[in-house]
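Engineer: Chain residues, written in single-letter form:
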Amino acid sequence: MGERLLMKGNEVIAEAALRAGCRHYFGYPITPQTEVAHYMAKKMEQLGGTFVQAESEVAAINMVYGAASCGVRAMTSSSSPGISLKQEGISYSAGAELPMVIIDIVRCGPGLGGILPAQCDYFQMVKGGGHGDYSLPVLAPCSVQEMYELVVEAFNIADRYRNPVVIMGDGYLGQMMEAVTFRDEEPIYKADKSEWATTGSELKRDHHTVTSIYIEADVLEAHNNKLQRKYAEIKKNETRVEEFNCEGADVIVTAYGTVARIVKNVIKDAEKEGIKVGLIRPITLWPFPSESFEKYAGKCNDFLCVEMSAGQMIEDVKLAVNGRSAVHFYGRTGGNVPSQPEILEQIRRIMAEK
Amino acid sequence: MQEIILAGFGGQGILSMGKFIAMSGLEENKNVSWLPSYGPEMRGGTANCNVIVAEEEVGSPIINKATAIIVMNQPSLEKFEDYLLPGGIAIIDSSLVPVMPKRADVSVYAIPATEMAYEMGNATFAGVILLGKLIEVTGVVSRESFEKALYKILPPKRHGMIPDEMKALEAGAKY
Numbered sequence: 081m082g083e084r085l086l087m088k089g090n091e092v093i094a095e096a097a098l099r100a101g102c103r104h105y106f107g108y109p110i111t112p113q114t115e116v117a118h119y120m121a122k123k124m125e126q127l128g129g130t131f132v133q134a135e136s137e138v139a140a141i142n143m144v145y146g147a148a149s150c151g152v153r154a155m156t157s158s159s160s161p162g163i164s165l166k167q168e169g170i171s172y173s174a175g176a177e178l179p180m181v182i183i184d185i186v187r188c189g190p191g192l193g194g195i196l197p198a199q200c201d202y203f204q205m206v207k208g209g210g211h212g213d214y215s216l217p218v219l220a221p222c223s224v225q226e227m228y229e230l231v232v233e234a235f236n237i238a239d240r241y242r243n244p245v246v247i248m249g250d251g252y253l254g255q256m257m258e259a260v261t262f263r264d265e266e267p268i269y270k271a272d273k274s275e276w277a278t279t280g281s282e283l284k285r286d287h288h289t290v291t292s293i294y295i296e297a298d299v300l301e302a303h304n305n306k307l308q309r310k311y312a313e314i315k316k317n318e319t320r321v322e323e324f325n326c327e328g329a330d331v332i333v334t335a336y337g338t339v340a341r342i343v344k345n346v347i348k349d350a351e352k353e354g355i356k357v358g359l360i361r362p363i364t365l366w367p368f369p370s371e372s373f374e375k376y377a378g379k380c381n382d383f384l385c386v387e388m389s390a391g392q393m394i395e396d397v398k399l400a401v402n403g404r405s406a407v408h409f410y411g412r413t414g415g416n417v418p419s420q421p422e423i424l425e426q427i428r429r430i431m432a433e434k
Numbered sequence: 107m108q109e110i111i112l113a114g115f116g117g118q119g120i121l122s123m124g125k126f127i128a129m130s131g132l133e134e135n136k137n138v139s140w141l142p143s144y145g146p147e148m149r150g151g152t153a154n155c156n157v158i159v160a161e162e163e164v165g166s167p168i169i170n171k172a173t174a175i176i177v178m179n180q181p182s183l184e185k186f187e188d189y190l191l192p193g194g195i196a197i198i199d200s201s202l203v204p205v206m207p208k209r210a211d212v213s214v215y216a217i218p219a220t221e222m223a224y225e226m227g228n229a230t231f232a233g234v235i236l237l238g239k240l241i242e243v244t245g246v247v248s249r250e251s252f253e254k255a256l257y258k259i260l261p262p263k264r265h266g267m268i269p270d271e272m273k274a275l276e277a278g279a280k281y
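Here the protein sequences line up with chains A and B, keeping their order. Going from the first sequence to the working numbering is simple: count from 1 and add 80. Going from the second sequence to the working numbering is simple: count from 1 and add 106.
Derived by calculation from the structure, the hints in this document are not laboratory data. All C-beta atoms, glycine included, are put in the ideal place defined by N, C-alpha and C. Hints are not guaranteed to be accurate.
Stated by the list, open to error - So the derived list for chain B, only partly shown, Cβ under 8 angstroms to chain A, looks like this:
no. : residue
1   : A128
2   : L132
3   : N137
4   : V138
5   : W140
6   : Y144
7   : G145
8   : G165
9   : S166
10  : P167
11  : I168
12  : N170
13  : G266
14  : I268
15  : M272
Take these sequences, add in the hints, and give me the full structure.
Structural biologist: Here you go:
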């Protein structure tokens, strides 16, 4: 293990991608993720890779499509409104089964909204902001160290399943600095892409086609069925979650990203008042860690979902809890972050109603 | 655990001051977090950052109750005074902040840091002077770690200034 370094979340994303072997980055600046592009611009040339500040987000995602088609590790990053622009390309990439990593450092919306942190892109990333029946693994780090580890993991998952993978963090995670320790060597999954990547046939083999167009119904349905089988496989193998203090908890709070860390402080505050609070922190938002909720549903009577949104993840929480316990919600929007006292107050209210 | 809010105008070096403390904490193998304000208020308005230095794991990087605040303008004092824990420490650049805290349950250190910095011939030392007092009264990090952090953060062309920065730190500690 190397030295502990003090780095910004956004810079760590870029460094992690480079360590994971990403040598092709295409992006367009937008707060609060611009440092990803800054870092890439600085480092990529030294490493002999390709950095392009594209003319738009639409161009950037299609450049990633092109690079990924050639079998190289490629990435783009943006923030909410920019991700909206990329959605067509993301859907095409999912359809064409292209491994790539897409970073969304979420700011508050809708529309141009503001630049402050938010989690209001949950529906967009988890439920599919683009068209068609597709799913993307969505990884949600809660610290700078985890950001590093999950970016490396994202490239591996992308290559293992030939699928775009998303890292979703709120603006604070991109902007904050924490200690990070990099491994000497990254655990890189080496995929054999020789069967599909468009690397040039030199007329020695049949040409490869990377496409998402299937005009005939049965052909497209077969393709869709294949995708669904792949998604089932991802669900089985790649679900990640942190459960903390849940056994015998009076209330189980669920939150991801920065909010989960605030909840960890709340757990200590509540303990002083004799209330046992648990935390389920989804690390993958898709696949959603439903099993963790199923395990405690009916045993713990009250779940509290806290988000920097008007209530998006709560839908998946309710599906998993399936009516066996009450599911409460607390959220803030507009760049406001649910505070420690606010969350504690929600817990007190739930306890008073028991 | 020390939870410190640093606040002032954009351009005073508030975010760098926070970074110096976080880096010094890292030098001591502590857990640290540095969270900047990055909202639209930075443009010509106020800038602030939340710095946590702890032996234990840092939970929320967002400070709810501060053990100390450093303020370099009046609006920042008004905004962050209430964040202080009872018994907390307020370090104030009295060259720039005419009205002192209303609270009686906190320790106030008013230092004319900007004037002192001008006298030392470098206005940018104001922040380091205030950090000198912070280190002196909270012991959040040692001066040795602070010096090491300066060497790590500042670009080599500015390393020549570090002995003077350390003198400014000392002046703040002694004031």
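Engineer: Does the structure break any of the earlier hints, and which numbers would those be?
Structural biologist: Hint check: 13, 14, 15 fail, others pass.
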